[in-house]
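Chemist: Residues per chain are reported as follows:
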Amino acid sequence: KNEVEQSPQNLTAQEGEFITINCSYSVGISALHWLQQHPGGGIVSLFMLSSGKKKHGRLIATINIQEKHSSLHITASHPRDSAVYICAVRSWEETSGSRLTFGEGTQLTVNP
Amino acid sequence: NAGVMQNPRHLVRRRGQEARLRCSPMKGHSHVYWYRQLPEEGLKFMVYLQKENIIDESGMPKERFSAEFPKEGPSILRIQQVVRGDSAAYFCASSHWRGGPYNEQFFGPGTRLTVL
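In order, the protein sequence lines correspond to chains G and P. Be aware that the first sequence starts at 1, since it is given in my numbering, and climbs by one per residue. Be aware that the second sequence starts at 113, since it is given in my numbering, and climbs by one per residue.
Be aware that a few hints might be false.
Heads up, incomplete: computed chain G residues facing chain P, CB under 10 Å, no partners named [as the list claims (entries may be wrong)]:
(1) N2
(2) V27
(3) S30
(4) Q37
(5) R90
(6) L100
(7) T101
(8) G103
Computed, partial: chain P to chain G, Cβ under 8 Å [stated by the list, open to error]:
(9) G154
(10) L155
(11) Y160
(12) D168
Derived DSS-like pairs (lysine-lysine); straight-line CA-CA distance at most 27 Å [what the hints assert, rightly or not]:
(13) G/K54 to G/K68
(14) P/K156 to P/K139
(15) P/K174 to P/K163
(16) P/K156 to P/K174
(17) G/K68 to P/K156
(18) P/K156 to P/K183
(19) P/K156 to G/K54
(20) G/K54 to P/K139
Quick caveat, the hints were computed from the structure, so don't treat them as lab data. We put the CB at the ideal spot given by N, CA and C, even for glycine.
Please build the complete structure, drawing on both the sequences and the hints.
Modeler: Have a look at this one:
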């Protein structure tokens, strides 16, 4: 079992729909990241969370430390949101505490 | 304020050649991380460096791979005697410092290595 599990693996939506991507992890963490990767492109950091909720434009990220679960929401989705969304965690362990462990990613396609 | 820079963006090598990938961290960042993304796979940690020190190389293959982050200049990921299985996207990230939960990593655009 991976330390970081994302669901769904693939998601297709119509423009304007509300989208939720989930991330569960099995280790103690100091922070959780949501990243966006476009085809053939680089990686953009969307959020870094250690508790609660953050909002940026149409994107909202939440984390529940007790349940070891985070969600990324996209409101009023648009075709330009089509990308791979990746959840990554940083553990508490001293020896590995700086490196990120990644989920497999969620491929989101938003159709016009 | 320029972000994390990586070069080259694309690199083609024949089997047995050497590949050198460069990463210049964001201004003011002294911590560098290298990650690898194999085709159709997720990102995996390779190595974490500070200036002149390797802090965690637990994700580096035991042979042919090395990394450095000298006092002056970019961090270098070096792959000797490349094989087809080394074909991947290699991403560098940098951060301001290590400790605490608010130490965000910023990613470069990646170097896509193709081994013929």
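Chemist: Once the shortest beta carbon distance from P/Y160 to chain G is found, is it less than 8 Å?
Modeler: holds, 5 Å
Chemist: Take the shortest C-beta to C-beta distance between P/L155 and chain G; is it under 8 Å?
Modeler: holds, 4 Å
Chemist: Should the interface hint for G/G103 be scored as holding, given a Cβ-Cβ cut-off of 10 Å against chain P?
Modeler: Where the cut-off is 10 Å and the nearest Cβ of chain P is about 7 Å from G/G103, the hint holds.
Chemist: Taking the closest Cβ pair, is G/N2 under 10 Å from chain P?
Modeler: This hint holds: G/N2 lies near chain P, its Cβ roughly 9 Å from the closest one there, short of 10 Å.
Chemist: Regarding the hint that P/G154 lies at the interface with chain G, is the smallest CB-CB distance below 8 Å?
Modeler: holds, 5 Å
Chemist: Please verify that hint: G/V27, Cβ, nearest Cβ of chain P, below 10 Å or not.
Modeler: At about 14 Å, which exceeds the 10 Å cut-off, the nearest Cβ of chain P leaves the hint on G/V27 violated.
Chemist: Under the criterion that the straight-line Cα-Cα distance not exceed 27 Å, is the pair P/K156, P/K174 satisfied?
Modeler: Given pair P/K156, P/K174 holds - Cα atoms ~15 Å apart, limit 27 Å.
Chemist: Is P/K156 within 27 Å of G/K54, Cα to Cα?
Modeler: holds, 26 Å
Chemist: For G/K68 and P/K156, compute the direct alpha-carbon distance and say whether it is at most 27 Å.
Modeler: Within the cut-off at roughly 21 Å; holds.
Chemist: Please verify that hint: G/T101, Cβ, nearest Cβ of chain P, below 10 Å or not.
Modeler: holds, 7 Å
Chemist: Report holds or violated for the interface hint on G/Q37, using the least CB-CB distance to chain P and a cut-off of 10 Å.
Modeler: Holds: closest Cβ of chain P sits about 9 Å from G/Q37, inside 10 Å.
Chemist: Is the straight-line distance between the alpha-carbon of G/K54 and that of G/K68 27 Å or less?
Modeler: Measuring from Cα to Cα gives roughly 17 Å; hence the hint holds.
In summary, the structure is inconsistent with hint 2 from the numbered list given earlier, while agreeing with all the others.
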